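Taken in order, these protein sequences are the chains called A and B. Residues 58 to 325, numbered by my numbering, are exactly what the first sequence covers, in order. Residues 7 to 297, numbered by my numbering, are exactly what the second sequence covers, in order.
Take the hints with a grain of salt, since some may be wrong.
Label pairs and their in silico Cβ distance ranges [claimed, not checked]:
#, chain 1, residue 1, chain 2, residue 2, range
1, A, MET299, B, GLY155, 46 to 56 Å
2, A, MET294, B, ILE278, 48 to 58 Å
3, B, ASP79, A, ILE131, 31 to 41 Å
4, A, LEU132, B, GLY24, 18 to 28 Å
5, A, GLU275, B, ASP129, 29 to 39 Å
6, B, ALA9, A, LEU124, 50 to 60 Å
Just so you have them, the derived chain B footprint on chain A, three or more residues with Cβ under 8 Å [stated by the list, open to error]:
#, region
7, 242 to 248
8, 264 to 273
Hint data in this document are derived by calculation from the structure and do not stem from the laboratory. These numbers come from a predicted model, not from an experiment. Note that CB positions come from ideal geometry on N, CA and C, so glycine has one too.
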Amino acid sequence: MLKDITLGQYFPGDTVIHSLDPRTKLIMTVVYIVVLFIAGSWVSYGLVAAFLVLCVALSKIRLKTILSGLKPLILIMVLTGILNLFYQKGERLLVDWWIFHIYLEGIVKAFFMITRILLLITGTLLLTYTTAPIRLTDGLESLMNPLKKLRVPVHELAMMMSIALRFIPTLIEETDKIMSAQKARGADFDSGGLMRKAKSLLPLLIPLFVGAFRRADELAVAMESRCYHGGQGRTRMKQLVMSARDWTALSAGALLTAAVITLDAFGL
Amino acid sequence: MLAPIIQTENLCHVYSEGTPFEHAALKDVNFAAEKGEFIGIIGHTGSGKSTLVQHLNGLLKPTSGRVLFEGEDIHSSRETTRRIRFRVGLVFQYPEYQLFEETVYKDIAFGPKNMKLSEAEIDRRVRDAARFAGIPEEFLDKSPFELSGGQKRRAAIAGVIAMQPDVLILDEPTAGLDPKGREEIIANITDYHKARNSTIIFITHSMEDIARLADRLVVFNDGQIAMDGTPREVFSRAGELSQIGLDVPAVTRVMKRLRELGLDVDESCFTIEQAEASILRLKEGGVSGHA
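One chain only, chain A, in its complex shape (with noise of 0.2 Å):
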């Protein structure tokens, strides 16, 4: 059924990880990607992946949820492997036949760069494993707050960031729900061709659609008569406060950043 997917991805816990504040990991999960990016050596990306693995294993995130997050993206790691595979020029040939030409160096760089897409996404799926939307949603209009000086209109992005997460599974359900409805009257969603497919799902469609304008009707009179009028004034029932172990975490992420940038420097 639609409701078994899984979206938003966050599974509840209590460890250290769980417990950071979410400005603490988005600017972490910032500073590991630039920092995966700099890393030029084998030297450098085992310590950004033990570091990876320390959260991981802080988490308390099970490899078996990790490893199907990264399902889906297996056929992009493929794509980059071979790419690298072949288009990286080198001294030394390995294989020479026809069009391909596959050289020692290849293999290294298609190696090097699928290891860093797995590190990229594991690092990625550790923010939205542990932290649930919400929290990210208030975390990011934080983060963002220095750019209403700009005219940005921070918070009613986050707003609507928060509004369009909590109706997601809402929508599936209806989804679900109209799916049924229809094929009681004998609607077939799955056999024809595409037009007929595509036209097939117009049943579907529409009373999701209105459905849809219904609900946010429906949401904005009675986030008006509880007074909302945006972010001007506003306070929160769960207040975002840095800890010690905000600090802890962060200053681990300055000095992983000084230690790479140091050893490649060296060229180690």
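Once you've looked at the hints, dock chain B against the given chain A.
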């Protein structure tokens, strides 16, 4: 007795099997309905009523057990499931949210069209269904989104009636309507029942409605059939009903209380008419006794 038109054999259904959200919605349910019966299904939210009816027209597949329509397993082939879906009409909760066509006419015609009937037959069925559902002729060319809530609901019910199902299942068809709207829809359904002698399966939370409509009541609790009998039999077990979060009609409660106060009235009354008769009898005949 004839063979039941639709029945389930040891039907079990487990949602999200093998995940932490695993939940057994139906446990070994043996349910049967005869041709022409008007069956009421009651049970608190999450007791498995809606899951059961979605099995009856093949929308859900049993985890184990079988669903038989006229003795034939409805999942024996894809074609069978599809064919039987037209003979077991299911009206979902809040069916008005599924309207999608440009006109009411086209929306009602959606089912018959999927049955690949001829244009003339479709036209006949649409007008027939509209009449049963109480939709005036001039509404057929309107957009379904222009109608009022109760009218939309009736248009959606007409969309299922137009398939002329032998079994018509309605999941809380009167929820969220005003008293007049409720009465009208109930009258439309009983009309259809009488005219076609089709089996009606009616899920509701309104004990008053079901008490005067159904020949038979099936009470669901925790994925199982807790009681099955005539309204009189079921409502005489008020204690058990309240234990599983259900109630008896207000009339039955009044009669029960009158009896507790020492009046010799029939406490298994469940309609106003029965209660009236019972009280009048008491008034005329003194201390004569029950119905």
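Cross-check of the supplied hints:
1. MET299/A / GLY155/B: 46 to 56 Å: 51 Å, holds
2. MET294/A / ILE278/B: 48 to 58 Å: 50 Å, holds
3. ASP79/B / ILE131/A: 31 to 41 Å: 40 Å, holds
4. LEU132/A / GLY24/B: 18 to 28 Å: 27 Å, holds
5. GLU275/A / ASP129/B: 29 to 39 Å: Roughly 37 Å apart at Cβ, these two residues keep to the hinted range, so it holds.
6. ALA9/B / LEU124/A: 50 to 60 Å: Hint holds: Cβ distance 52 Å, inside 50 to 60 Å.
7. 242 to 248: n = 4 at 8 Å, threshold three: holds.
8. 264 to 273: Contact hint for the region 264 to 273 of chain A vs chain B: holds, 3 residues under 8 Å.
The structure shown violates none of the earlier numbered hints.
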